[in-house]
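There are 2 protein chains.
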Amino acid sequence: MNQQYPSVLLEKAVGEFAKLPGIGRKTAMRLVLHLLRQDAQTVEAFAGAIVTLKREVKYCKVCHNISDTDVCRICSNPARDASTICVVENIRDVMAVENTQQFKGLYHVLGGVISPMDGIGPSDLQIDSLVERVKGGSVKEVILALSSTMEGDTTNFYIFRKLSGLDVKLTVIARGISIGDELEYTDEVTLGRSIVNRIAFTGTM
Amino acid sequence: MNQQYPSVLLEKAVGEFAKLPGIGRKTAMRLVLHLLRQDAQTVEAFAGAIVTLKREVKYCKVCHNISDTDVCRICSNPARDASTICVVENIRDVMAVENTQQFKGLYHVLGGVISPMDGIGPSDLQIDSLVERVKGGSVKEVILALSSTMEGDTTNFYIFRKLSGLDVKLTVIARGISIGDELEYTDEVTLGRSIVNRIAFTGTM
Chain A
1 MNQQYPSVLL EKAVGEFAKL PGIGRKTAMR LVLHLLRQDA QTVEAFAGAI VTLKREVKYC
61 KVCHNISDTD VCRICSNPAR DASTICVVEN IRDVMAVENT QQFKGLYHVL GGVISPMDGI
121 GPSDLQIDSL VERVKGGSVK EVILALSSTM EGDTTNFYIF RKLSGLDVKL TVIARGISIG
181 DELEYTDEVT LGRSIVNRIA FTGTM
Chain B
1 MNQQYPSVLL EKAVGEFAKL PGIGRKTAMR LVLHLLRQDA QTVEAFAGAI VTLKREVKYC
61 KVCHNISDTD VCRICSNPAR DASTICVVEN IRDVMAVENT QQFKGLYHVL GGVISPMDGI
121 GPSDLQIDSL VERVKGGSVK EVILALSSTM EGDTTNFYIF RKLSGLDVKL TVIARGISIG
181 DELEYTDEVT LGRSIVNRIA FTGTM
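If you read the sequences in order, they're chains A and B. Just so you know, full-length UniProt numbering puts 172 at position 172 of the first sequence, and the rest follows in order with no gaps. Just so you know, full-length UniProt numbering puts 189 at position 189 of the second sequence, and the rest follows in order with no gaps.
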């Protein structure tokens with residue numbers, strides 16, 4: 001299909017869109033032709049938003065979450081419980097936990113998990129700054145909310161060792177069958193952990 | 001989910017992506033965070049490609065296809081048959097026909113079809129310039145390749161009336177069951193037309 005593009009400029013724009021994850025050349029073409037039908041101002045607003053984001057975005061000095069200011073809205077919010085830190089892998093995980101509206105503490109964004117296969121070691125992650133925060137003394141609990149993968153478990157264990165000896169409670173989010181899941185379709189490892197980590201039934205879930 | 005975005009800049013970029021057809025807020029977020037992980041140069045190349053396209057793209061003076069030059073590659077190609085013009089709705093249709101590698105003539109891009117419901121009348125389309133091209137005298141056949149919809153049929157009929165009296169053969173692309181389609185799942189109108197417009201079987205398809 002490539003050589004039949006009527007325009008080099010079109011080809012370039014489609015090529016750029018097609019680099020995005022989950023966007024093939026057909027979808028890229030559809031998106032580009034959609035933008036081409038908009039007026040110049042709309043197209044420049046689109047392009048400008050992403051360039052400005054990349055150029056001006058900051059990361060919170062405290063938790064490394066994305067932010068418009070040096071310290072993010074969550075870390076600087078006096079209504080949040082500064083004694084509890086939830087450790088997550090990335091910005092999307094912060095948003096996922098925020099959306100549950102179940103957590104009122106602060107976050108710590110690692111920027112990934114330990115993954116020797118991908119060449120990511122502890123020094124590539126924000127683990128030292130987490131230890132510093134805990135050493136600050138006001139932190140009572142660190143909740144590990146990483147992915148339930150081998151890399152996530154490795155990272156959990158590394159953080160556990162780094163924080164051992166410090167006066168802080170270390171917890172891990174519960175793993176188990178998802179709300180609404182049927183038992184027979186749950187994988188055996190998850191189901192096994194669910195049984196081992198069963199909790200007292202109090203009449204409500 | 002809206003108010004929980006950690007950054008106004010992020011919110012803006014996601015909002016712009018979410019305006020694209022078929023892109024919801026979750027996908028928009030995924031795309032923006034992907035771009036955010038790229039280096040500044042990559043992000044600017046992405047944004048630049050679409051702005052440059054919008055700013056510098058030309059439309060062929062002859063056929064109104066997208067082009068980098070005043071007259072497009074197809075119209076200026078001496079190897080193409082200038083006596084046959086295929087009338088299509090938009091740029092994507094040109095590419096679709098080109099991809100079949102079955103057509104060696106030129107195109108004429110209308111820029112849409114007559115659709116009173118959407119406020120598109122004949123004067124909004126490149127119909128007059130088609131008539132001028134045919135009046136030029138070197139065109140022997142005009143192939144109507146519009147969508148098989150009421151609007152497409154209306155436009156076909158309008159062009160038919162405009163070209164009547166001129167010395168040009170007017171044809172319509174065949175409608176029928178698609179290659180590989182099973183008869184029982186074909187809608188009755190298509191199947192009916194297929195039967196009425198049957199062609200002599202010569203041993204090959």
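Any given hint might turn out to be false.
Note: identical chains are not told apart, hence a pair may lie in one copy or across any two.
Using 25 Å as the maximum straight-line C-alpha spacing, the simulated BS3-like pairs for lysine-lysine come out as follows [stated by the list, open to error]: (1) LYS135 <-> LYS12; (2) LYS58 <-> LYS12; (3) LYS169 <-> LYS61; (4) LYS104 <-> LYS169; (5) LYS12 <-> LYS61; (6) LYS104 <-> LYS26; (7) LYS58 <-> LYS26; (8) LYS58 <-> LYS169; (9) LYS135 <-> LYS26.
Keep in mind that the hints were calculated from the coordinates and are not lab data.
Return the numbers of the hints above that this structure violates; sort them in rising order. 1, 8, 9
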